[in-house]
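From first to last, the protein sequence lines stand for chains A and B. So that you can map any letter, position 264 of the first sequence is 264 in the working numbering, and since no number is skipped, the others follow by simple counting. So that you can map any letter, position 36 of the second sequence is 36 in the working numbering, and since no number is skipped, the others follow by simple counting.
The hints are simulated quantities; they were obtained by calculation from the structure and are not laboratory data. Incorrect hints may have been included.
[Unchecked claim] In silico lysine to aspartate or glutamate, DMTMM-like type, Cα no more than 20 Å apart, as pairs: (1) B:53 with A:63; (2) B:106 with B:35; (3) B:111 with A:206; (4) B:55 with A:63; (5) B:53 with B:69; (6) B:84 with A:196.
Model, not experiment: these values are computed from the prediction.
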Amino acid sequence: MLLTSVIIILREVLEAALLLSILLAMSRFLNLRVRWFWASLAMGVAGSILYGANLVAISNAFDGVGQELLNAGLQIAIYLLLLLIAALLIANRRRGAYKVPLLQGAMLLAVALAVLREGSEIYIYLMAFRHQPDLLPGVMAGALLGAGIGFSVGALFYYLLRGLPQQYTLLTACVLLTLVAGGMTLQAAQLLIQADWLPAQPPLWDSSVLVAEHSVVGQLLYALVGYEATPTLVEFLVYIASVSVMVLLLGWMRYASSKKNSPVA
Amino acid sequence: MARIARPLLRGVLCAALLVQVALIARADRPVVELEIRNHLFHPSELVVPANVKVKLIVYNRDPTPEEFESYELNREKVIMGGQKAVIFIGPLAPGEYPFFGEFNPKTAQGKVIAQ
Numbered sequence: 001m002l003l004t005s006v007i008i009i010l011r012e013v014l015e016a017a018l019l020l021s022i023l024l025a026m027s028r029f030l031n032l033r034v035r036w037f038w039a040s041l042a043m044g045v046a047g048s049i050l051y052g053a054n055l056v057a058i059s060n061a062f063d064g065v066g067q068e069l070l071n072a073g074l075q076i077a078i079y080l081l082l083l084l085i086a087a088l089l090i091a092n093r094r095r096g097a098y099k100v101p102l103l104q105g106a107m108l109l110a111v112a113l114a115v116l117r118e119g120s121e122i123y124i125y126l127m128a129f130r131h132q133p134d135l136l137p138g139v140m141a142g143a144l145l146g147a148g149i150g151f152s153v154g155a156l157f158y159y160l161l162r163g164l165p166q167q168y169t170l171l172t173a174c175v176l177l178t179l180v181a182g183g184m185t186l187q188a189a190q191l192l193i194q195a196d197w198l199p200a201q202p203p204l205w206d207s208s209v210l211v212a213e214h215s216v217v218g219q220l221l222y223a224l225v226g227y228e229a230t231p232t233l234v235e236f237l238v239y240i241a242s243v244s245v246m247v248l249l250l251g252w253m254r255y256a257s258s259k260k261n262s263p264v265a
Numbered sequence: 001m002a003r004i005a006r007p008l009l010r011g012v013l014c015a016a017l018l019v020q021v022a023l024i025a026r027a028d029r030p031v032v033e034l035e036i037r038n039h040l041f042h043p044s045e046l047v048v049p050a051n052v053k054v055k056l057i058v059y060n061r062d063p064t065p066e067e068f069e070s071y072e073l074n075r076e077k078v079i080m081g082g083q084k085a086v087i088f089i090g091p092l093a094p095g096e097y098p099f100f101g102e103f104n105p106k107t108a109q110g111k112v113i114a115q
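Go ahead and model the full structure; you've got the sequences and the hints to work with.
Next up, the structure:
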């Protein structure tokens, strides 16, 4: 039981912890307040419990694919928020304080949604053991261990970003956020295929020989970039499109803000 | 008025027809059923037709939740105790595709055999 719960909790915590650590590091980098982070954790946990407690109704909605649609919706929302956050990070870095409340609100919401999505599964898993007191100690120990490892990896990313030379911090954060955002849309596409809302196709390739999805590296890559060993054409196109949109927007933001910043000749 | 109304009506009718076709196509999917009892899948080997999309219905007869998961099928879905879940899989090339219950991976193991 112990190992199972370590793996389940770790998988769920890792994704949210990575996003949280990147946004926290960037808040510190721009000298923004980081108190939003407590609010977003609280909102995420409350949302997880609400989601978990209503999963039966959610699952049965839309001919039995409500769970997929809601999760895909959450992931698309996180993608859009990351687009906004990264663009505002560039604007703030290059021309001073710019729409800071909007940036902080977007960060709060993005982390809250990520915690909600991952936390609901942890809640459902742990709640199943409330009637099995003999198993509870092992499960809880495993859960704490898994959460500990997950947050440690998050902390590693935080200090990595904080430790970088200043001129590379923003670029690195934008690259990481773009990869996370692309992973979100990839997972959303996969859920919509599972729900039969997007066409299912044979996989384009199979890279599980190189990196298996259930391996440690595979799991880390999944949490960070939504790694998928056997993507279909639709998933591949969705990923390329969402990453391209983000790269183009961020490139344009950088160009526009540097033009405004330069002294008038 | 009629000049605008007629193409508009035609458009609406075409759209309605398309939705109808899509719904018929969706209803046509072969249905395969799977049960979870005592953290075991029944049957543990599930034969499905190859190269078509299949509607898999998983009944969780246990009081505890389970998560149907498969790396090979790219599927992942939580099923609460006493509930059922609809999961569309395929079209699959002939072969074997293992799946497991993430909450009880030691016992809940099975595979889809597409042929």
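- Straight-line alpha-carbon gap residue 53 of chain B to residue 69 of chain B, limit 20 Å: Between residue 53 of chain B and residue 69 of chain B the Cα gap is close to 18 Å, so the pair holds against 20 Å.
- Distance restraint between residue 106 of chain B and residue 35 of chain B, which requires alpha-carbon spacing of 20 Å or less: Roughly 17 Å separates the two Cα atoms, so the pair holds.
- Are residue 55 of chain B and residue 63 of chain A close enough, with their CA atoms no more than 20 Å apart? This hinted pair holds, its Cα atoms lying about 12 Å apart.
- Message: Against the 20 Å threshold, does the CA-CA distance of residue 84 of chain B and residue 196 of chain A hold or violate the hint?
- Response: holds (17 Å)
- Item | Given pair status - residue 63 of chain A, residue 53 of chain B, alpha carbons within 20 Å | holds (17 Å)
- Message: Run the distance test for residue 111 of chain B versus residue 206 of chain A: straight-line Cα separation, threshold 20 Å.
- Response: With a Cα-Cα distance of about 19 Å, the restraint between residue 111 of chain B and residue 206 of chain A holds, given a limit of 20 Å.
Of the numbered hints stated above, none is contradicted by the structure.
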